[in-house]
Amino acid sequence: MGRVTRRQLTNLLGALSLVLALAGLAVGLPALDAALPADRPVPSDRPYAVGGGVTVVPPPGARIDVTETRPTENSGTALFRLGPVRYLITVRRFEGDLSAAADGLRQRITGTPGYQVTGTELTVATGSGLAGLQGGYTAPGRGGRYAVFVADGRTIEVTVSGADLDLGRSLPAIDASTSTLRYDPAGPR
Amino acid sequence: MTAEPRLRSARTAPVQPGADPGPGLLRLPAFWIVLALVVAGGVRMALIAGRFAGRYPLSTLTAVALFALLAVPFWFIVSELDFLEREPPALLALAFAWGGLVATTVSIPGSAALDDLVAKLGSPHLAADWGAALAGPTVEEIAKTLGVLAIVLVARAQVNSVLDGVVYGAMVGLGFQIIEDIVYALGAVALAGHGDDIEPVVTTFLLRGFLSGVWSHTLFGALAGAGIGYLVVRADRTWRSRLGVAMLALLGAWASHLLWNSPLFRDGLGNGALALLVVLVFKGLPPLLLILLLVRAAHDREADYYAAQLEQLEDRELITPDELEVLKSGSRRATARWHARTRAGLRARTAVRRLQRAQARLAVELSRGTTDLGRWRHEVRRQRRVLAALGHPEAIAPEGKGPWRRTASAVFSTALAIAVLWAAISALGGG
Chain A
11 MGRVTRRQLT NLLGALSLVL ALAGLAVGLP ALDAALPADR PVPSDRPYAV
61 GGGVTVVPPP GARIDVTETR PTENSGTALF RLGPVRYLIT VRRFEGDLSA
111 AADGLRQRIT GTPGYQVTGT ELTVATGSGL AGLQGGYTAP GRGGRYAVFV
161 ADGRTIEVTV SGADLDLGRS LPAIDASTST LRYDPAGPR
Chain B
1086 MTAEPRLRSA RTAPVQPGAD PGPGLLRLPA FWIVLALVVA GGVRMALIAG
1136 RFAGRYPLST LTAVALFALL AVPFWFIVSE LDFLEREPPA LLALAFAWGG
1186 LVATTVSIPG SAALDDLVAK LGSPHLAADW GAALAGPTVE EIAKTLGVLA
1236 IVLVARAQVN SVLDGVVYGA MVGLGFQIIE DIVYALGAVA LAGHGDDIEP
1286 VVTTFLLRGF LSGVWSHTLF GALAGAGIGY LVVRADRTWR SRLGVAMLAL
1336 LGAWASHLLW NSPLFRDGLG NGALALLVVL VFKGLPPLLL ILLLVRAAHD
1386 READYYAAQL EQLEDRELIT PDELEVLKSG SRRATARWHA RTRAGLRART
1436 AVRRLQRAQA RLAVELSRGT TDLGRWRHEV RRQRRVLAAL GHPEAIAPEG
1486 KGPWRRTASA VFSTALAIAV LWAAISALGG G
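Chains A and B are the protein sequences, given in the same order.
Numbered according to this note's numbering, the first sequence spans residues 11 to 199.
Numbered according to this note's numbering, the second sequence spans residues 1086 to 1516.
No wet-lab data here; the hints were simulated from the structure.
Don't take every hint at face value.
[What the hints assert, rightly or not] One side of the interface only, derived from the structure: several residues of chain A facing chain B at Cβ under 10 Å:
no., residue
1, 27
2, 28
3, 34
4, 47
5, 123
[Said to hold, decoys possible] Covered stretches of chain B (in silico footprint by chain A; criterion: 3 or more residues with CB under 8 Å from a CB of chain A, positions within the stretch not fixed):
no., region
6, 1116-1129
7, 1180-1193
8, 1202-1211
9, 1217-1231
10, 1272-1280
Cβ coordinates follow ideal geometry from the N, Cα and C atoms, glycine included.
Use the sequences and the hints to build the structure in full.
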């Protein structure tokens, strides 16, 4: 077996530096991200701007997850957490009717392995007059509720998920919050 | 006594000739480490593709086929950038694989984490507006530039001019761009919620592949690669100044990428053709022009060096003074081929192309100090005889004819292509 040359040693050090730099990007940044808390308190006495002109009054005790909340002019997402329960509102551009919007959301839910839609869909309405459809789904170890509304070329999707027990406790407050959904293009961003 | 005038290449961008990579490559630890990284990235991306393929087989197949087709002209253009001293296909493939498999694998978690950090340290609003502009370029440009450094570690002798850095950087960027586009297209299919529907794939292909493709990762990678090329070949400069230029080039690539991803001009102009034009002109064109000028300067300096090698031969059968001028410029080379076709037909055009390639190869072998040049001299003479038989003995470019016509034709074709694409995207509802 030959000796390790100086050139090979330098080459090895260079390659290891490369690996280290890649690890910094692929592992270091996520580790730093994980070390910082993602949720913040959010006031439940005033509307929160989800994005795309849609607002909602968060449920009492909810915290906003800033990593999954992205409000923009034309669309947006807001993720509230009530303990282990996720309450996600998504607003995006959509050209179609309520039935097509509900169909698309159902397909995305059932597209995740193990997720199934349960029961029949019911019509719902918010306090501001937005009409929507609401249904439920199950997944291994957790349950969920979805609702979808269509307003002015936008779809507003609500998905709630968590363990059955937690969900049962949080749903009344979440339902009350969902009924405060309002679309107002001139409203706060 | 007057000093001998120095070539531009010697003053600002020296060429360091290097031999083809041989089996010695296998004894380098970096070769095996880089190979392992590419394999690991390949497995990771195959898992992602497999998940999409299971749920959307037709869309996955369509996306892979469309973007693979798109890669072909890009590959051709990038590999042709260094006509005189062509890069080995295996190294170009390695650069492409790094971009498509390693840089993407690293960028997915890295960019997501940085985007989250923008939201945590700033606000969700800041992340919504500037998250993609800050996180994507920061992680992706670093991951891609590491690919050019990987090529340097694996085959240092093959990065022997600034232009080589440009070519490898662009190839890393191209790999990244193609794989990222496929993932985006399949993400659009999942988001649409219409099952295995190829419409989002086609829209993504037109938007990201064509309209955004020209000013995308290939371009940014080329700029960062130029910096690495400079870092490697300018051994006459201090380590600090070489590193400074490399960092500046990386910063330029990052800034170009940031400008492209930024929310500037995104809102307020609507979604029509005017908004698209404004975005292309203000966000895409400046980096494109900057990098084209850089490539041209690097190419001309390298051409000076290789032309000087051929000049020493003083053999008109191998290269005439006019051919030497033609060989120095991509535009004049193309004009010479066009001129041969119009004067003596397609066979003459092919022969001119082969003659130019053989002359370029001869120049490279001369620069490497190869003692037996018989093979390359023979090939030049063979093509010269073909041309003589066709009545077009010299591969010259007539002054003032070809370039203007080709430029006008290219501008017209580009404008027409953008108009057609815009109509297609609008018809598909992607506008």
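Hint by hint, which ones does this structure get wrong, listed from lowest number up? Hint check: nothing fails, all pass.
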